[in-house]
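Visitor: Chain residues, written in single-letter form:
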Amino acid sequence: MIALIDYGAGNSASVGNALEELGYEFELTANESKILAAEKIIFPGVGEASSAMATLQRLNLSSVLRMTNKPTLGVCLGMQLMAERSEEGDAACLGVVPGENVAFDPNAVNTPHMGWSETELTDRDNPLFRDAPERAFFYYAHSYYLPVGERTTARCDYGGPFTASIRKDNYYGVQFHPEKSGREGLRILKNFVEFC
Amino acid sequence: MLAKRIIPCLDVKDGRVVKGTNFVNLRDAGDAVELAARYYEEGADELTFLDITASAEKRKTLLDLVVAVGKVIRIPFTVGGGVSELGDLEALLRAGADKVSLNTAIVKRPELITEAAKRFGSQAVVAAVDVKNVGDRHKVFVKGGREETDREAKAWCLEAVDRGAGEFLLTSMDKDGAKTGYDLEFLDWLTANVSVPVVASGGAGKREHFLEAFRDARVDACLAASLFHYQELNIQDLKAYLRENGVVVRL
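These protein sequence lines map, in sequence, to chains R and F.
All the letters of the first sequence, read from the start, carry residue numbers 1 to 196 under my numbering.
All the letters of the second sequence, read from the start, carry residue numbers 1 to 251 under my numbering.
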């Protein structure tokens with residue numbers, strides 16, 4: 001069973017729809033024991049970082065997300081919340097992957113970065129990218145980004161390179177929305193469930 | 001590299017897609033969910049649904065539509081039409097919409113943009129602006145183009161982006177349905193003066209119109225309705241044409 005973390009994230013329904021299309025069973029839940037018992041965890045996210053962190057604390061979910069050793073996929077804000085900090089609302093985040101999220105410079109690029117951007121899947125051994133092309137278009141909608149670091153597994157360019165995907169141990173993150181990225185996006189979700 | 005987007009627009013009344021000319025003369029163009037699925041298969045980058053249902057059942061029928069659409073497409077979609085309060089936005093986003101477009105409500109109460117952007121993020125808040133030339137002024141119209149306001153369009157766009165709008169859906173009422181091309185002059189001004197994505201709407205009649213909007217007015221996305229509904233233009237063919245002419249698109 002896949003636990004889809006329920007903390008009011010805007011894209012929970014869409015991630016659920018994509019999982020349904022792929023034929024996977026999941027439960028939208030904020031229940032600690034159910035999350036710990038799940039084989040896989042998907043951590044969605046759309047919204048503002050500091051208020052999302054506050055919601056996670058209030059629901060007692062931040063410690064579960066920190067302690068789990070199950071494969072966990074953070075999507076969009078979910079990925080950003082896995083990092084150490086975010087400039088958005090000056091939020092302390094989960095700190096399960098390295099890095100700090102910073103804002104795009106609105107004087108340099110239109111913000112939010114919204115639309116389909118070509119993404120380079122650099123870590124060819126990553127199970128998340130199994131059978132995926134080296135470059136593909138994915139859908140993004142975000143105003144903050146995680147700079148490229150040593151755990152970056154895919155990169156995108158928007159006024160400069162940023163982390164499109166990251167991996168550390170059992171934690172996987174994607175800045176783009178696989179649930180909104182057509183067939184290439186569905187492949188990422190399928191790979192997470194099947195091979196991560 | 002960020003691709004330019006092609007967005008079919010579905011004007012929806014009671015679950016059916018309708019399309020008029022210059023905001024009137026509605027014609028039936030099919031079932032909304034079926035058409036959405038077709039556009040997804042044809043390579044649309046995104047869809048926009050504008051609900052023009054007037055009945056008291058409106059809110060529920062729109063939510064039902066969002067849920068049904070979310071089950072069949074894996075691309076983002078925007079929903080709008082009569083959205084007037086934060087609770088409506090929350091319900092639509094939770095049901096699966098990615099963005100909500102706001103029009104009449106934000107002209108009446110601009111603070112709604114600020115509140116919505118703070119609560120849901122700018123990326124979910126689209127300022128839909130209907131512009132018509134009155135004399136030598138660009139005036140903002142509301143209520144589906146039926147009511148003229150005192151607002152001047154350029155000043156209103158600058159205010160909307162200051163308040164946190166994450167995207168513009170700019171519809172030229174003079175051009176809508178005329179198939180003579182987008183309002184390049186206004187769009188060119190808008191993309192030069194705001195730092196959020198701009199979606200061009202109203203006036204597309206042939207593929208060259210898309211090219212000039214992307215190339216000359218530097219818009220991020222082009223929206224069209226009847227051209228796609230009645231299969232006068234195929235989305236894949238349009239994108240292939242744009243790519244041949246140097247526009248980055250997702251094929």
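The set of hints was computed from the structure by calculation and includes no laboratory data.
Do not take every clue at face value.
Claimed, not checked - Now the stretches of chain F that chain R is said to cover, found in silico as 3 or more residues with beta-carbon under 8 Å: (1) 125-132; (2) 224-236.
To be verified - Straight-line alpha carbon distances no greater than 30 Å define the calculated BS3-like cross-link-like pairs of lysine-lysine that follow: (3) R/K40 <-> F/K206; (4) F/K154 <-> F/K118; (5) F/K71 <-> R/K34; (6) F/K132 <-> F/K71; (7) F/K179 <-> F/K206; (8) F/K118 <-> F/K19; (9) F/K132 <-> R/K190; (10) F/K71 <-> F/K118; (11) F/K71 <-> R/K70; (12) F/K179 <-> F/K60; (13) F/K108 <-> F/K118; (14) F/K71 <-> F/K108.
Claimed, not checked - Derived list of chain R stretches under chain F, where covered just means 3 residues or more per stretch with a C-beta under 8 Å from a C-beta of chain F: (15) 14-20; (16) 24-31; (17) 45-52; (18) 90-96; (19) 137-151; (20) 183-193.
The structure presented is a predicted model; accordingly, all values stated were derived computationally and were not measured.
All C-beta atoms, glycine included, are put in the ideal place defined by N, C-alpha and C.
Visitor: Could you tell me which of the hints above the structure violates, numbers in ascending order?
Guide: Structure breaks hints 1, 2, 3, 6, 8, 9, 12, 14, 16, 18.
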